[in-house]
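Undergrad: Residue numbers (my numbering), protein chains in the order written: chain L, 3 to 361; chain C, 18 to 289.
A few of these clues could be false.
Using 30 Å as the maximum straight-line C-alpha spacing, the simulated DSSO-like pairs for lysine-lysine come out as follows [claimed, not checked]:
{"no.": "1", "chain 1": "C", "residue 1": "Lys111", "chain 2": "C", "residue 2": "Lys267"}
{"no.": "2", "chain 1": "C", "residue 1": "Lys30", "chain 2": "C", "residue 2": "Lys111"}
{"no.": "3", "chain 1": "C", "residue 1": "Lys30", "chain 2": "C", "residue 2": "Lys258"}
{"no.": "4", "chain 1": "C", "residue 1": "Lys267", "chain 2": "L", "residue 2": "Lys221"}
{"no.": "5", "chain 1": "C", "residue 1": "Lys258", "chain 2": "L", "residue 2": "Lys221"}
Simulated restraints, written as ranges between beta carbons of each label pair [said to hold, decoys possible]:
{"no.": "6", "chain 1": "L", "residue 1": "Leu24", "chain 2": "C", "residue 2": "Asn131", "range": "26 to 32 Å"}
{"no.": "7", "chain 1": "C", "residue 1": "Ala158", "chain 2": "L", "residue 2": "Pro25", "range": "39 to 45 Å"}
{"no.": "8", "chain 1": "C", "residue 1": "Arg27", "chain 2": "L", "residue 2": "Gly301", "range": "44 to 50 Å"}
{"no.": "9", "chain 1": "C", "residue 1": "Asp170", "chain 2": "L", "residue 2": "Ala115", "range": "53 to 59 Å"}
{"no.": "10", "chain 1": "L", "residue 1": "Glu325", "chain 2": "C", "residue 2": "Glu286", "range": "33 to 39 Å"}
{"no.": "11", "chain 1": "C", "residue 1": "Glu142", "chain 2": "L", "residue 2": "Ala107", "range": "52 to 58 Å"}
Covered stretches of chain L, as calculated for chain C (at least 3 residues, CB under 8 Å) [claimed, not checked]:
{"no.": "12", "region": "108-120"}
{"no.": "13", "region": "334-345"}
Since the hints were made in silico from the structure, they are not lab data.
Even for Gly, the Cβ is constructed at its ideal location relative to N, Cα and C.
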Amino acid sequence: MNSHYDGTMSALLEVRDLTIELPTERGWVRPVNGVSFELAEGETLGVVGESGSGKTMLALALMGLEPPGARRSGNALLRARGAASNNGNAAANLSGANDTIDLLAIPGREMRALRGRDIAMIFQEPMTALNPVMRIGAQIEEAIRVHEPKCSREEARRRAIDALARAAVPEPQLRASQYPHQLSGGLRQRALIAMALSAGPRLLIADEPTTALDVTVQKQILELLVRLQRELGLAMIFITHDLGVVAQVAQRVAVMYAGRIVEEGPTRDVLRAPRHPYTAGLLRAALRIERGTLHPIPGTVPALDALPPGCAFAPRCEWRRAECEAAVPELRAASPAHRARCVLVAAQTEAVGAHSGTP
Amino acid sequence: MAADIILDVRNLKKTYSAQAGIFAGAALGAGGPRAGAAVDGVSFEVARGETLGIVGESGCGKTTLARMLLRLIEPDEGAIEFRGENFLAARGGKLRALRRRIQMVFQDPAGSLNSRMRVESIVGEPLVIHEPHLAASQRRARVLEALGSVGLDAGALNRFPHEFSGGQRQRIGIARALILRPDVVVGDEPVSALDVSVGAQILELLIRLQSELNLTYIFISHTLPVVAQLATRVAVMRAGKFVEIGDAAKVLSHPENAYTQALLDAVPEIPA
Numbered sequence: 003m004n005s006h007y008d009g010t011m012s013a014l015l016e017v018r019d020l021t022i023e024l025p026t027e028r029g030w031v032r033p034v035n036g037v038s039f040e041l042a043e044g045e046t047l048g049v050v051g052e053s054g055s056g057k058t059m060l061a062l063a064l065m066g067l068e069p070p071g072a073r074r075s076g077n078a079l080l081r082a083r084g085a086a087s088n089n090g091n092a093a094a095n096l097s098g099a100n101d102t103i104d105l106l107a108i109p110g111r112e113m114r115a116l117r118g119r120d121i122a123m124i125f126q127e128p129m130t131a132l133n134p135v136m137r138i139g140a141q142i143e144e145a146i147r148v149h150e151p152k153c154s155r156e157e158a159r160r161r162a163i164d165a166l167a168r169a170a171v172p173e174p175q176l177r178a179s180q181y182p183h184q185l186s187g188g189l190r191q192r193a194l195i196a197m198a199l200s201a202g203p204r205l206l207i208a209d210e211p212t213t214a215l216d217v218t219v220q221k222q223i224l225e226l227l228v229r230l231q232r233e234l235g236l237a238m239i240f241i242t243h244d245l246g247v248v249a250q251v252a253q254r255v256a257v258m259y260a261g262r263i264v265e266e267g268p269t270r271d272v273l274r275a276p277r278h279p280y281t282a283g284l285l286r287a288a289l290r291i292e293r294g295t296l297h298p299i300p301g302t303v304p305a306l307d308a309l310p311p312g313c314a315f316a317p318r319c320e321w322r323r324a325e326c327e328a329a330v331p332e333l334r335a336a337s338p339a340h341r342a343r344c345v346l347v348a349a350q351t352e353a354v355g356a357h358s359g360t361p
Numbered sequence: 018m019a020a021d022i023i024l025d026v027r028n029l030k031k032t033y034s035a036q037a038g039i040f041a042g043a044a045l046g047a048g049g050p051r052a053g054a055a056v057d058g059v060s061f062e063v064a065r066g067e068t069l070g071i072v073g074e075s076g077c078g079k080t081t082l083a084r085m086l087l088r089l090i091e092p093d094e095g096a097i098e099f100r101g102e103n104f105l106a107a108r109g110g111k112l113r114a115l116r117r118r119i120q121m122v123f124q125d126p127a128g129s130l131n132s133r134m135r136v137e138s139i140v141g142e143p144l145v146i147h148e149p150h151l152a153a154s155q156r157r158a159r160v161l162e163a164l165g166s167v168g169l170d171a172g173a174l175n176r177f178p179h180e181f182s183g184g185q186r187q188r189i190g191i192a193r194a195l196i197l198r199p200d201v202v203v204g205d206e207p208v209s210a211l212d213v214s215v216g217a218q219i220l221e222l223l224i225r226l227q228s229e230l231n232l233t234y235i236f237i238s239h240t241l242p243v244v245a246q247l248a249t250r251v252a253v254m255r256a257g258k259f260v261e262i263g264d265a266a267k268v269l270s271h272p273e274n275a276y277t278q279a280l281l282d283a284v285p286e287i288p289a
């Protein structure tokens, strides 16, 4: 709980009004549209959304890996290494811009130096993220030596094996000498985690890292990530479509729909008392181990080139009113830490989930 | 058994042989078929109108089992009695006649629909094979009927699969499976490639179609919550064998097998 961003700490990452535009045959579309959030050191933010919500594009933009031709605007301020982490420190405040690096403004060369060393990313399908014709150990050594050219081969090898051991890979020495196809899906994801953490990043972006895995393996990987995060004081952005997974890993959650954050707050509050009808719908649509509990959200996600003028969820929303279609609602505070992009937030004090189902 | 048994599967086995060759060793790593049987002596009965859910993790043999039920893969051993007839011995016209009674819905609607065919041809193709006497106008009427049952209209006929969302593509796959008016539909992970809210819509559609068309389902998935929505009976599969089979409510709430319990425990829960 004490790792919540509470406004007195300065954030490790502060994203302001991040917008990504992509060219299409029918003009520019915005897969990420005015996204703002803060992430404290050691904190995990869960980013939840369905396909096309913009959650993966958001992650790629923070890594400087958005598709060629994309236009981007806004800021993503990462606190520089060694900068004071407390606003109370007057000296740190005075030094101003030197304290932060804007991930959206720095040249590619600086971004490449930052990637892996300060921000690392793990992906859904470890097989596509690993080089199939290179031994596991060599791939991790490469990740280390790219950032530390002075590191000797022997030193890199030792650290690669340490990294595998830390990711709870059994027989790390043997595994380091093997190729990706010789590892199971769960071990591959562990190897990828080992590689991502090998250069000691402060921020880990995990994009659906357990979606391709079996449930029993997923459970182990989630436990591993939570443990490593605690041990290393990592901040994490955890992208998933699964609210159950978010409940396990994230202290705070941001729900995305059609490129925008529609709800944000402490995970417990958002899951127990959602304030946006889309979040409430996702919670009801989540499958439970019980027959006859299906509650799909009617309708479909709108195409990015055919968004309604107002709230993007309005066409599917059972609480829709005239003002929803007039303009995109602002994020409104439901409580100091909990915000939702819905006109209902001002009009009522109860969670939207409470209005449904029960007679 | 008083129930009307539509499918009776006895001691089904399938072993993939590890071929000698340059990749012989590689296949024994992860992912590839393991040495030993993929399906190792599976027996079960399915009554008309029920839904048997088969749940298991990757490599347990569930997809091989599903494909053997349609004879897309020939079993090494065992017997399949379908509608009282020996399915494995059926040949020629007899096999065709039985095959149209059992249809499959696949996991990935993008991969199982021919991307260069229009929806009318995709959904109507089974009719060309099984009911060649139909006139074009009759065939179109049947295609429209099948599309209508899954919530699509005539506007879909001339479009290509890529013009549809994932959920709509799966609806097209279901329409194709239903156009021959089968008795049994085998679903191999039909919602696992879909988003949560869309997957729930497809499950709801499958439940409605089952009661409207009196279908029997065999529903295969790697996740218990998906199986739990439809199944009247649940089988848990591990390493080619059923480790537990029984009434869905009982297996999902009071499993007898430790592996079933482990699967239940691993499902990430949303706190209430």
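Undergrad: It remains to establish, for every hint, whether it holds in the given structure.
TA: Here is how each hint holds up against the structure:
Among the hinted pairs, C/Lys111 with C/Lys267 is inconsistent with the structure: their alpha-carbon atoms are about 39 Å apart, more than 30 Å. Straight-line distance between C-alpha atoms of C/Lys30 and C/Lys111 comes to about 23 Å, which keeps the hinted pair within the 30 Å bound. Of the supplied pair hints, the one linking C/Lys30 and C/Lys258 holds, its CA atoms being roughly 10 Å apart against a limit of 30 Å. With a C-alpha separation of about 24 Å, the suggested pairing of C/Lys267 with L/Lys221 holds against the 30 Å cut-off.
Of the supplied pair hints, the one linking C/Lys258 and L/Lys221 holds, its CA atoms being roughly 23 Å apart against a limit of 30 Å. Hint check: L/Leu24 to C/Asn131, Cβ distance near 29 Å, so the stated range 26 to 32 Å holds. In this structure, C/Ala158 and L/Pro25 meet the distance hint of 39 to 45 Å, their C-beta atoms being roughly 43 Å apart. The hinted range of 44 to 50 Å is satisfied by C/Arg27 and L/Gly301, whose Cβ atoms lie roughly 46 Å apart.
Between C/Asp170 and L/Ala115 the beta carbon distance is about 55 Å. The supplied range of 53 to 59 Å therefore holds. L/Glu325 and C/Glu286 have their C-beta atoms about 36 Å apart, which keeps the hinted 33 to 39 Å range intact. At about 54 Å, the beta-carbon gap between C/Glu142 and L/Ala107 stays in the expected band of 52 to 58 Å. Given a C-beta distance limit of less than 8 Å, the hint that chain C covers the region 108-120 of chain L is violated, as 0 residues qualify and 3 are needed.
Three residues within the 8 Å Cβ limit are the bar, and the region 334-345 of chain L against chain C gives 0, so the coverage statement is violated.
Hint check: violations occur at hints 1, 12, 13; the rest are consistent with the structure.
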